[in-house]
Structure formats: C-alpha cells, structure tokens
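Residue numbers (this note's numbering), protein chains in the order written: chain R, 1 to 314; chain X, 1 to 375.
Please note that the accuracy of each hint is not assured.
[Stated by the list, open to error] Just the calculated beta-carbon pair ranges, DEER-fashion:
id	chain 1	residue 1	chain 2	residue 2	range
1	X	Ser-182	R	Arg-221	25 to 33 angstroms
2	X	Glu-305	R	Asp-207	40 to 48 angstroms
3	X	Gly-278	R	Asp-207	54 to 62 angstroms
4	X	Thr-327	R	Asp-207	56 to 64 angstroms
5	R	Asp-207	X	Asp-31	24 to 32 angstroms
6	X	Lys-85	R	Leu-298	48 to 56 angstroms
7	X	Gly-59	R	Pro-115	31 to 39 angstroms
8	R	Val-253	X	Gly-59	50 to 58 angstroms
9	X	Val-194	R	Thr-304	41 to 49 angstroms
10	X	Ser-182	R	Val-253	54 to 62 angstroms
[What the hints assert, rightly or not] Pairs of lysine-lysine residues, derived as DSBU-like cross-links and limited to a Cα-Cα distance of at most 35 angstroms, are as follows:
id	chain 1	residue 1	chain 2	residue 2
11	X	Lys-125	X	Lys-37
12	X	Lys-139	X	Lys-150
13	R	Lys-234	X	Lys-125
14	X	Lys-197	X	Lys-139
15	X	Lys-190	X	Lys-139
16	X	Lys-142	X	Lys-197
17	X	Lys-37	R	Lys-20
18	X	Lys-85	X	Lys-197
19	R	Lys-234	X	Lys-85
20	X	Lys-125	X	Lys-197
21	X	Lys-37	X	Lys-85
22	X	Lys-142	R	Lys-234
23	X	Lys-37	X	Lys-142
24	X	Lys-125	R	Lys-205
25	R	Lys-205	X	Lys-37
26	X	Lys-150	R	Lys-234
27	R	Lys-205	X	Lys-150
28	X	Lys-125	X	Lys-85
29	X	Lys-142	X	Lys-125
30	X	Lys-125	X	Lys-139
31	X	Lys-139	R	Lys-234
32	X	Lys-150	X	Lys-125
33	X	Lys-187	X	Lys-142
34	X	Lys-187	R	Lys-205
35	X	Lys-190	R	Lys-205
36	R	Lys-234	R	Lys-205
37	X	Lys-139	X	Lys-187
38	X	Lys-187	X	Lys-150
39	X	Lys-197	X	Lys-150
Honestly, the hints are just simulated from the structure, not real lab data. No experiment lies behind these values; they were computed from the predicted model shown. Backbone N, C-alpha and C fix where the C-beta goes; we use that ideal spot for every residue, glycine too.
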Amino acid sequence: MDDMAGNKTEQATEIKETPKRHLWNWILCAPALTVLVFAASGPLLIVLVYSFLAPGSFGGITWSFSLEGWFRVFFSRDIFDPEIVSLNTAHLTIFWRSISLSLQTTIICAILGFPTAWFIATRPQHTRNIWLFLITIPFWTNLLIRTFAIQEVIRNQGLINTTLIRFGFIDTPIQMMYTDFAIFLGMAYVFLPLMVLPLYAAMDKLDIRYLEAGYDLYASRWQVLRHIILPLVKPGFIAGSILVFIPSIGAYVTPRLLGGGRSMMLGNLIELQFGQGRNWPLGSALALTMLVLVVGALVLYIRTVNREEEPRHG
Amino acid sequence: MTATQGIGSPATDKGPAIEIEIRNLSKVFGDGPRAFKALDDIQLDIRQGEFFTLLGPSGCGKTTLLRLIAGFEQPSSGLLQINGKAVAGLGPNRRPVNTVFQNYALFPHMTLAENIGFGLKMLGKSRSEVASTTQEMLKLVKMDAMADRKPAQISGGQQQRIALARALAPRPRVLLLDEPLSALDLKLRKEMQVELKRLQLETGITFVFVTHDQEEALTMSDRIAVISGGQVLQMGTPHEIYNFPAERFVADFIGDTNFIDAEIVQYEGDFAQVRLPGGVVREASLPEGFNARVGETVTVVIRPEHASLTERGDLQATVENAVFFGTDTHIHLRLEDQTPFILRRQNTGVSVAPPEAGQHACIAVAEGGIQVLRS
Numbered sequence: 001m002d003d004m005a006g007n008k009t010e011q012a013t014e015i016k017e018t019p020k021r022h023l024w025n026w027i028l029c030a031p032a033l034t035v036l037v038f039a040a041s042g043p044l045l046i047v048l049v050y051s052f053l054a055p056g057s058f059g060g061i062t063w064s065f066s067l068e069g070w071f072r073v074f075f076s077r078d079i080f081d082p083e084i085v086s087l088n089t090a091h092l093t094i095f096w097r098s099i100s101l102s103l104q105t106t107i108i109c110a111i112l113g114f115p116t117a118w119f120i121a122t123r124p125q126h127t128r129n130i131w132l133f134l135i136t137i138p139f140w141t142n143l144l145i146r147t148f149a150i151q152e153v154i155r156n157q158g159l160i161n162t163t164l165i166r167f168g169f170i171d172t173p174i175q176m177m178y179t180d181f182a183i184f185l186g187m188a189y190v191f192l193p194l195m196v197l198p199l200y201a202a203m204d205k206l207d208i209r210y211l212e213a214g215y216d217l218y219a220s221r222w223q224v225l226r227h228i229i230l231p232l233v234k235p236g237f238i239a240g241s242i243l244v245f246i247p248s249i250g251a252y253v254t255p256r257l258l259g260g261g262r263s264m265m266l267g268n269l270i271e272l273q274f275g276q277g278r279n280w281p282l283g284s285a286l287a288l289t290m291l292v293l294v295v296g297a298l299v300l301y302i303r304t305v306n307r308e309e310e311p312r313h314g
Numbered sequence: 001m002t003a004t005q006g007i008g009s010p011a012t013d014k015g016p017a018i019e020i021e022i023r024n025l026s027k028v029f030g031d032g033p034r035a036f037k038a039l040d041d042i043q044l045d046i047r048q049g050e051f052f053t054l055l056g057p058s059g060c061g062k063t064t065l066l067r068l069i070a071g072f073e074q075p076s077s078g079l080l081q082i083n084g085k086a087v088a089g090l091g092p093n094r095r096p097v098n099t100v101f102q103n104y105a106l107f108p109h110m111t112l113a114e115n116i117g118f119g120l121k122m123l124g125k126s127r128s129e130v131a132s133t134t135q136e137m138l139k140l141v142k143m144d145a146m147a148d149r150k151p152a153q154i155s156g157g158q159q160q161r162i163a164l165a166r167a168l169a170p171r172p173r174v175l176l177l178d179e180p181l182s183a184l185d186l187k188l189r190k191e192m193q194v195e196l197k198r199l200q201l202e203t204g205i206t207f208v209f210v211t212h213d214q215e216e217a218l219t220m221s222d223r224i225a226v227i228s229g230g231q232v233l234q235m236g237t238p239h240e241i242y243n244f245p246a247e248r249f250v251a252d253f254i255g256d257t258n259f260i261d262a263e264i265v266q267y268e269g270d271f272a273q274v275r276l277p278g279g280v281v282r283e284a285s286l287p288e289g290f291n292a293r294v295g296e297t298v299t300v301v302i303r304p305e306h307a308s309l310t311e312r313g314d315l316q317a318t319v320e321n322a323v324f325f326g327t328d329t330h331i332h333l334r335l336e337d338q339t340p341f342i343l344r345r346q347n348t349g350v351s352v353a354p355p356e357a358g359q360h361a362c363i364a365v366a367e368g369g370i371q372v373l374r375s
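Isolated chain R, as found in the complex:
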C-alpha cells in the first residue's frame, strides 16, 4: 500500500541475473530437484511403463506389451466370451462419483471456509494465531482415528441416530454409513483447513480501506462482498480449491472407512487392482487416468478463472 505501483517496476529490475547468481540458484534447488526426480517422476515413469504391460498371475507384471490395461479402464469383457465387449459402467460410476464428490467437497469447503477465514482475519492480531492454531489441531491427530470418530457419530448406533431415536424424531436409524454422503462428510471435515488457510492468507492481505471505499461509494454490505471482497480474495479461493480438490479425487482412507465396498472412489479402485484384483497394468492405467483427469480439471479451472479477469472494456 505504501508506495503503490510507481516504485514497483523499479524495484523489480534492481535484482540482476548474473551467471554466478544463476549457478548458485541451481545449487540451492538441487536437493529438492533430486527428491522430485527420484521420488515423483521415477515412480510415475514406472507406472507409465507398467500400464502397457500384461498382468502377472499372482500380481506384478509380465514383460510383454499389452493395451489391455488401458482398454479395461473403460470397457469390460464377457467372462465366457472375451470377444463380447461392453462399457465398464462400474468404473465409469466410480469416476463420476470421484469427480462429483470432490467437486461437492470443494464447494462445501469454500462455503464453510469463507466465513471461518473471515472470522479469523477480523479478530485482533494477537488472538488470530490462537484461532489458526485451533484450525490446524485436526492435523495433529491421525487421519484413521479422525475417520473412526466420524463413524462413531454417523453409524446406525452412533451419536446422531441414538439421539434422534431417544427424542422420538425417528423410529429407525437413518442409514448414513457406507453412503456417498458419509464420504462427502468425511472429506469435507478432513480438507476444510486446506481451504481455510489460503483464504485466510488472502484476507489477511486485504486492506480494510477497500471495504470502506466500497461503502463510501454507496455499496451495500452484499455489494461490498460481491464486488470487492470476493474478487480480491479470489487467489485464496483458487489455491484452496486446488488444495482440496486434488487430494479429494485421490482420497483413499476416507472412502474406504466411510464408503465401504459399496461407495468406492478412484483411490480404492486403484488399490483394489494392485491388491486383490492382481491387475497391476489396469491399476497403473487407472492411476494415470486419474492424473490426466486432475491435470485436465486444473487447466480448465485456471483458464475459466483467468478469462473472467480479462478487461471487459475496449
């Protein structure tokens, strides 16, 4: 705020890119790069190779080229006559459920996260850290334990159902465990802090004067929210959405414990192929399909967001 605009470009040109500095930058990056190459790109490459091989009888792979893994991602063959091919609706259902539940999770996290982050950002400076600390407390507990805790709340003999029955609102328990709703609830709970933190960071930087200027120029509370606060904290929404959506679509523990065998998500399907299914190439192909889905969704999302930002005048 202090020296808006004017001096910014001057400051930016001051840091000169000398060859020495360039080399030093690479040296500093080296450890992180090494980890990335060996721990991320390496395995990914192996998965890519595996997806084009045939499955071994007891898991693993046999070294012969095959497109069967990729084929089986979308189609299934009749057990008795492999020539009869049909769309693999089970897989497609799981794809759809993963995308839909992740989107719902992202949206509910944004809706719940916004007021939460706003509440924290508008507290006095010295109490904000306490609130932020409280937000991060769930991260201190093991994910498994937290998920079991949710089970305790929503299962048929759980907290909600017994309370409702005790007070006579219902006669038979509402089935919540092993439904899409259970997964949705679990993921929203687990990933909410990932939305709140970047939103808070964006709001923390928001100058209160912009809001005052909005009110001063005849905007109502609602208009200030829509025309000033939301556009200005958009980077927080983008970061938060990415942070929630990506782990949601690959979630494994939450759907496994809360969705059971009935409501499977992509992560569980992939695990199944590497485990009981003993079809590593299919598992690899599914993993890569998920990767493509995520990258595709991200590109689409960022493009939409940026298109809105282009000036509408002239």
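Dock chain X against the given chain R, drawing on the hints supplied.
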C-alpha cells in the same frame, strides 16, 4: 470567529448556507480506564461550497472527525447534520458524502474507468449514464487516455487523480479528503494543490480537507479549523489564523513565530497597549473573549516577517547568525533577556549585507504585528 455563529439561529438566513453542522460532538474509543477521548465537544459549521480544512498534528483527532462525517465511525455524543439532516446511525453508503483516502484505496482488480464508475453503478444509474459520467470525470482529471489501465499500472500522482474522479463522480454534496497529498513528492504536491482548488471551483462541491501541513492549509483553504487534543482551538480564514493566532499552539503550529513576554498597560475592546521587554509600549490585538487585566504579564506573538532591523527599534537584541535562503534571509537574534528572536528579511536588493554575529541590533515591529495570546 464563527464558532458560535449558528447556535440557536436558522443558519440559512444570512450568508452562505451551512452544509455540515456539528454541535457538542464527542468521540470516545474504548471504555473504562483505557478509554480515549479522540474528540471533545466539537462545534463546527462548514458552509456550502467552501474549501474547509481541518489542520492539526497527527493524533489530534482530525481524521476521526472526518471519519465521523463520512460515517465510518459513529459519534459517542453530539449532533452531526449534513444539509440539514441528522445523519447519526446512517452508514457511509447512505450519506451524500464521498471520501478521497490517504492512500487512495483504488480497487486493484478494477480498471480506472470501473473504479470511477463504481459509485454510480452502486447508485443504480443506467449503463449509459455510468459510461458518460465516467468519461466526463476522466476528462476532468485529465486521465482519459488511461481508462483501461489498472491502478497498479499508473503513478502515485495519477492514482491521486483517479481517486478524486472516483469520489467526485457520484456528485456528492461534500467531498472529504484525508491527507490526500501526503504520499506525493513536493513538486507533484504543489501541482495537485492547484488542481484540487480548480476542481473545487469547477464543481462547486464543499471540500473538507484534512492535513497536518500548515502551508497546504494556508494556500488552499477558505477557512481553517486548527485542532489539537480533540478540540477545535481556533477557526477562521487563513489570514485570521496566521495573523491573529489566539493560542500558543496555533501560533507555534502555523508558521515561524517569536514568543515574547509583555505586560498589559491598558486595554480597550480588541486592542491593548503592552510594554515589551526593554520598556517600549506598543499596540497589540487581543484574541476573542480575552479577559485582560492591567499589569498582567502575557505572551505576545510577533511573526518573523513583521519585524525588521532599524536604527531605533522596539526591541534591543544581539545578532547570533544570519541564514541565507535566496529570496530572504533569516536573522537569528537574542533579546536582552536572552529570549531568542527570528527575523525574516526579504532580499530586495543584492547589495544588502547580512548583519555580523555579535553585532547589536534594534528590531522594529510593523503596525498591527503584535498579537496577545490566550494564557
């Protein structure tokens, strides 16, 4: 002065109408032992179409007063009327008042044109009216070539112009300016002073300007209220404030000043005869409501430019040094009772040699150049 003018009488009868009427206005922040009284029983009348300045050091309450008028804060007690209507409880979006913020607060995600059109859009004006008024405002502040830029792409001075255009676009009754020039460098500040004055005359809108810069206040204002410690110490035209400061703070805060002890010999009405150090008796003006007592020692003010070195003067002094400023020379002296005294001599000719240090000098004070302060 005019502080008491409007009380109990309809303000619109004579002279320019009153735009903002402030009576017994107080603002207290916090409560209990940590309460802080930012404004203490303020009385002010701001006239329609005038350039009114709230002048004072930082923390004096001038910005709080501006924020009360704007509606960002609500008064703890007292009356605040804009155009004859009490505005207590109304938010800033329901007052015919717009603000130019200290750091402009231009919306960074909007183009300059969108910034200027924002207020009109919120008022529900038609798209064509918003567009035409925006164009008009861009022309008014000479920024029409940059309508589609974002605030981050223009300089501080240009941001200042856009902030002005944005606040003027909805045609408010009153424009509030919160130290709008303080972030600009000296040259730009001078330019903007002229520009502000031009805009005020062209639009006819009442300007309420907050500053801690006394020179800015003197050059631009129709009237000034000097504020300190949450109270209005003096209100008047720049001429009145400068030449007839009522209190030591006002005299000290505005311009360079000499404070000298003097004794009241006799008085009548607004004037008194005072005995200066060294025995010379001169006429001095008294501040409004001053209860003079013969024989009382008071402090008088003499502006440096109202004094000159002569053969036979009112005060006897020794020269300490002389500082050359180009257009004028400041001569630092010490009176016989060791009171420091500054004298400003305009350099009308090149041949005038500055007095030498240690030299004895006589100081003559111009007619009407002595003002008694409230003790």
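Verification of the supplied hints:
1. A hinted range of 25 to 33 angstroms for the beta carbons of Ser-182 (chain X) and Arg-221 (chain R) is consistent with their spacing of about 30 angstroms.
2. For the pair Glu-305 (chain X) and Asp-207 (chain R), the beta carbons lie near 43 angstroms from each other, so the given range of 40 to 48 angstroms is met.
3. Take Gly-278 (chain X) and Asp-207 (chain R): their Cβ atoms lie about 58 angstroms apart, and the range 54 to 62 angstroms holds.
4. Take Thr-327 (chain X) and Asp-207 (chain R): their Cβ atoms lie about 42 angstroms apart, and the range 56 to 64 angstroms is violated.
5. For Asp-207 (chain R) and Asp-31 (chain X), the hinted distance range of 24 to 32 angstroms is satisfied, since their beta carbons lie about 27 angstroms from each other.
6. In this structure the hint that Lys-85 (chain X) and Leu-298 (chain R) lie 48 to 56 angstroms apart at CB holds, the actual value being about 54 angstroms.
7. Range check, Gly-59 (chain X) to Pro-115 (chain R): about 35 angstroms between beta-carbon atoms, so the 31 to 39 angstroms window is met.
8. The beta-carbon spacing between Val-253 (chain R) and Gly-59 (chain X), approximately 57 angstroms, falls within the hinted interval of 50 to 58 angstroms.
9. Between Val-194 (chain X) and Thr-304 (chain R) the Cβ separation comes to about 47 angstroms, which falls inside the hinted range of 41 to 49 angstroms.
10. Evaluation of the 54 to 62 angstroms hint for Ser-182 (chain X) and Val-253 (chain R) yields a pass: the beta carbon distance comes to about 57 angstroms.
11. Distance restraint check for Lys-125 (chain X) and Lys-37 (chain X): the Cα-Cα separation of roughly 41 angstroms exceeds the 35 angstroms cut-off, and the hinted pair is therefore not satisfied.
12. Our distance criterion of 35 angstroms between C-alpha atoms is met by Lys-139 (chain X) and Lys-150 (chain X), whose separation comes to about 17 angstroms.
13. Among the hinted pairs, Lys-234 (chain R) with Lys-125 (chain X) is consistent with the structure: their alpha-carbon atoms are about 27 angstroms apart, no more than 35 angstroms.
14. Using a Cα cut-off of 35 angstroms, the hinted pair Lys-197 (chain X) and Lys-139 (chain X) holds, with the two alpha carbons roughly 16 angstroms apart.
15. Simply put, Lys-190 (chain X) and Lys-139 (chain X) have alpha-carbon atoms about 20 angstroms apart, close enough for the 35 angstroms limit, and the pair holds.
16. A hinted pair counts as satisfied when its Cα atoms are at most 35 angstroms apart, and Lys-142 (chain X) with Lys-197 (chain X) qualifies at roughly 15 angstroms.
17. As the CA atoms of Lys-37 (chain X) and Lys-20 (chain R) are separated by approximately 59 angstroms, the hinted pair breaks the 35 angstroms bound.
18. Distance restraint check for Lys-85 (chain X) and Lys-197 (chain X): the Cα-Cα separation of roughly 27 angstroms lies within the 35 angstroms cut-off, and the hinted pair is therefore satisfied.
19. Note on Lys-234 (chain R) and Lys-85 (chain X): the hinted pairing is violated, with a Cα-Cα distance of about 40 angstroms set against a maximum of 35 angstroms.
20. Restraint check for Lys-125 (chain X) and Lys-197 (chain X): satisfied, since their Cα atoms lie roughly 28 angstroms apart, inside the 35 angstroms limit.
21. Of the pairs offered as hints, the one joining Lys-37 (chain X) and Lys-85 (chain X) holds, with about 25 angstroms between alpha carbons and a cut-off of 35 angstroms not exceeded.
22. Distance hint between Lys-142 (chain X) and Lys-234 (chain R) is fulfilled; the C-alpha atoms sit about 32 angstroms from each other, no more than 35 angstroms.
23. Taking the CA atoms of Lys-37 (chain X) and Lys-142 (chain X), the gap is about 42 angstroms. The hint is violated against a cut of 35 angstroms.
24. A C-alpha spacing of about 32 angstroms is found between Lys-125 (chain X) and Lys-205 (chain R), which places the hinted pair at or below 35 angstroms, so the restraint holds.
25. Distance restraint check for Lys-205 (chain R) and Lys-37 (chain X): the Cα-Cα separation of roughly 30 angstroms lies within the 35 angstroms cut-off, and the hinted pair is therefore satisfied.
26. The suggested pairing of Lys-150 (chain X) with Lys-234 (chain R) holds, with an alpha-carbon distance near 17 angstroms, which does not exceed 35 angstroms.
27. Annotation: proposed proximity of Lys-205 (chain R) to Lys-150 (chain X) holds, straight-line Cα distance about 19 angstroms (limit 35 angstroms).
28. As the CA atoms of Lys-125 (chain X) and Lys-85 (chain X) are separated by approximately 24 angstroms, the hinted pair is consistent with the 35 angstroms bound.
29. For the suggested pair Lys-142 (chain X) and Lys-125 (chain X), the alpha carbons sit about 23 angstroms apart, so the restraint of at most 35 angstroms is met.
30. This hinted pair checks out: Lys-125 (chain X) and Lys-139 (chain X) have alpha carbons roughly 20 angstroms apart, not beyond 35 angstroms.
31. With a C-alpha separation of about 32 angstroms, the suggested pairing of Lys-139 (chain X) with Lys-234 (chain R) holds against the 35 angstroms cut-off.
32. For the suggested pair Lys-150 (chain X) and Lys-125 (chain X), the alpha carbons sit about 23 angstroms apart, so the restraint of at most 35 angstroms is met.
33. The straight-line distance between the Cα atoms of Lys-187 (chain X) and Lys-142 (chain X) is roughly 18 angstroms, inside the 35 angstroms bound, and the hint therefore holds.
34. Of the supplied pair hints, the one linking Lys-187 (chain X) and Lys-205 (chain R) holds, its CA atoms being roughly 32 angstroms apart against a limit of 35 angstroms.
35. Restraint check for Lys-190 (chain X) and Lys-205 (chain R): satisfied, since their Cα atoms lie roughly 32 angstroms apart, inside the 35 angstroms limit.
36. Distance hint between Lys-234 (chain R) and Lys-205 (chain R) is fulfilled; the C-alpha atoms sit about 12 angstroms from each other, no more than 35 angstroms.
37. At roughly 22 angstroms between alpha-carbon atoms, Lys-139 (chain X) and Lys-187 (chain X) fall within 35 angstroms of each other, so this suggested pair holds.
38. Taking the CA atoms of Lys-187 (chain X) and Lys-150 (chain X), the gap is near 24 angstroms; set against the 35 angstroms cutoff, the hint holds.
39. A threshold of 35 angstroms between alpha carbons decides the hint, and for Lys-197 (chain X) with Lys-150 (chain X) the separation of about 26 angstroms falls inside it, so the pair holds.
Violated hints for the displayed structure, listed by number in ascending order: 4, 11, 17, 19, 23.
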